[in-house]
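*Asks:* Position chain B relative to chain A; hints supplied.
Protein chains in written order, with our numbering: chain A, 297 to 450; chain B, 188 to 401.
The set of hints was computed from the structure by calculation and includes no laboratory data. Misleading hints may appear alongside valid ones.
Unchecked claim - The calculated label-pair distances, taken between Cβ atoms and stated as ranges, are:
1. A:G306 - B:R398: 21 to 27 Å
2. B:P225 - A:T299: 38 to 44 Å
3. B:W371 - A:V303: 49 to 55 Å
Stated by the list, open to error - Covered stretches of chain B (in silico footprint by chain A; criterion: 3 or more residues with CB under 8 Å from a CB of chain A, positions within the stretch not fixed):
4. 251-263
5. 377-383
No residue lacks a Cβ here, since even glycine has one placed at the ideal position from N, Cα and C.
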Amino acid sequence: MATLKLVVNGKSHTVQVAPETPLLWVLRDTLGLTGTKFGCGIAQCGACTVLLDGEAVRSCQLPAREAAGHGITTIEGLAAKGEHPLQKAWVAEEVPQCGYCQSGQLVAAAALLARKPHPTDAEIDEAMSGVLCRCGTYNRIRRAIHRAAKGGAT
Amino acid sequence: MSAVVKIGRRRFLEVAAGTGAGLWLGVHLPENARAAEPAGFEPNAWLRIDPAGGVTVFLAKSEMGQGSYTGMAVLVAEELAADWRKVRVVQADADERFGNMMTGGSSSVRRSWEPLRQAGAAAREMLVSAAARRWGVEGGACRAREGEVIHLPSGRHLGYGELALAAAKEKVPKDPPLLDPKDWKLIGRKVPRLDAPDKTTGRARFGIDVRVPG
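Looking at chain B on its own, in the form it has when it is part of the complex:
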């Protein structure tokens, strides 16, 4: 027969308050995914463009082999008109801006379809605005294509990296226009999985591989 000691709520709170600081566990994992990436143009939680033109997509879903690592990046990169070779994916830390970060029910693409494409489209519009402003031309005469903005009449072009800091100063559009499906280059096509190479070299990191100090 086990002896259950009934402390009573009042006594418990007294003891707890006394050992105060010890009960508050601030667990700071050493790596903050967002902070670890080079700074740049970050109009929303899903993407960042650094001055070298690298595009980081912050993955707010759990990749378990089902392909969200690549799928989510495709949604952002398509509307962003990114150079796909410069896109990399980083697993996002928990962030309220992502809303529901649950992964399941075959819902990742369905639930991400609007917000991720809009995230990419918003960034694209800001990059185009920044380029148009720099050239003193109409935004409508410019096109975003494979990681650069081109002024069609003159052929002038600037890479997203060069525009990153200027784009950050532009207003974030609330309802950016989305691509016509006939213009899709990535969506609906077979895109090689971005996570496959690291999973063949032992470089992919799983929970068991994370080292926490102490």
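One chain only, chain A, in its complex shape:
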């Protein structure tokens, strides 16, 4: 076990965990932030996506000790009450079906828009193809990203 300091959504937490514990489980079980989901455990589905210093990473394969000292952003940290332009676009386009992958989708999309405020379809494909959606909401995800990029989220 080790004592780690993690900064999550702007707040500092001191946790006692085995240092190789994937960040996903520290977020979900230790910190109670259950918005980030477990899908595959092998960084192939993207449900566990969080931002590490603004970059999308798969937290199921990131040891907690490697996240210490960095800024971690989870779905809960995108906006206080769901008012992030992507979240509003997501609701306007009725993107979620079952919803399980959507935390990962939104976080990955947030990383994309921070880098490329007006992404092309090809850039969306490249950034988002690591987050799978078994319900097949891809078309609406793309529309919602374009909508948020245009600023017409509401």
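*Replies:* This is chain B only, laid out in the frame that chain A set:
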């Protein structure tokens, strides 16, 4: 080669009876959906109206992204003549009153079409009766509309919240009249999905998110 120990039925029952209490697993999940909601007027298993006028629809189907969360609420709310802004959906616990709680075969709307609309209509009739009784007027001169009952000749009105406790005392009608389709406000229209916002904020809870003590 595995060694299979044949106990025999008699011996098994002896052992089982001896360890009696340990075999009976009473699993009480900490959250009972119905008990967790504020008390109020609950004429049937599908809906409850609390004194603040909030309408809770207990969802007896599994929402898997197919839209039953919103669809079932629409069926109840339409006939109830609820204020749609005050409607919220809670996943129901297993309850015999719902009958078959299976979700599948594209059957939710088909199977719920009659019972859920009747559930909403029954509650609406009871609210109207309660208002008419309070005002000392004929029920026929009253209308239920967007979460309130209005006495047409005088314009008097009472919200469902204010009527909730009185409505609970009214008799549950067996065959309440249903709306004419031309009067539908929700059915057949595009209704934004109620579950979408929580699914964009990480607040929507899935099986993996439920914590059980121990």
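*Asks:* If a hint holds in the structure, say so; if it does not, say that too.
*Replies:* Quick rundown of the hints versus the structure:
A hinted range of 21 to 27 Å holds for the C-beta pair G306 (chain A) and R398 (chain B), which are about 25 Å apart. At about 42 Å, the CB distance of P225 (chain B) to T299 (chain A) agrees with the hint of 38 to 44 Å. Against the hinted window of 49 to 55 Å, the Cβ-Cβ separation of W371 (chain B) and V303 (chain A) comes to about 52 Å, which satisfies the hint. Coverage of the stretch 251-263 of chain B by chain A holds in this model, with 3 residues showing a Cβ closer than 8 Å to a Cβ of that chain against a need of three.
Given a C-beta distance limit of less than 8 Å, the hint that chain A covers the stretch 377-383 of chain B holds, as 4 residues qualify and 3 suffice.
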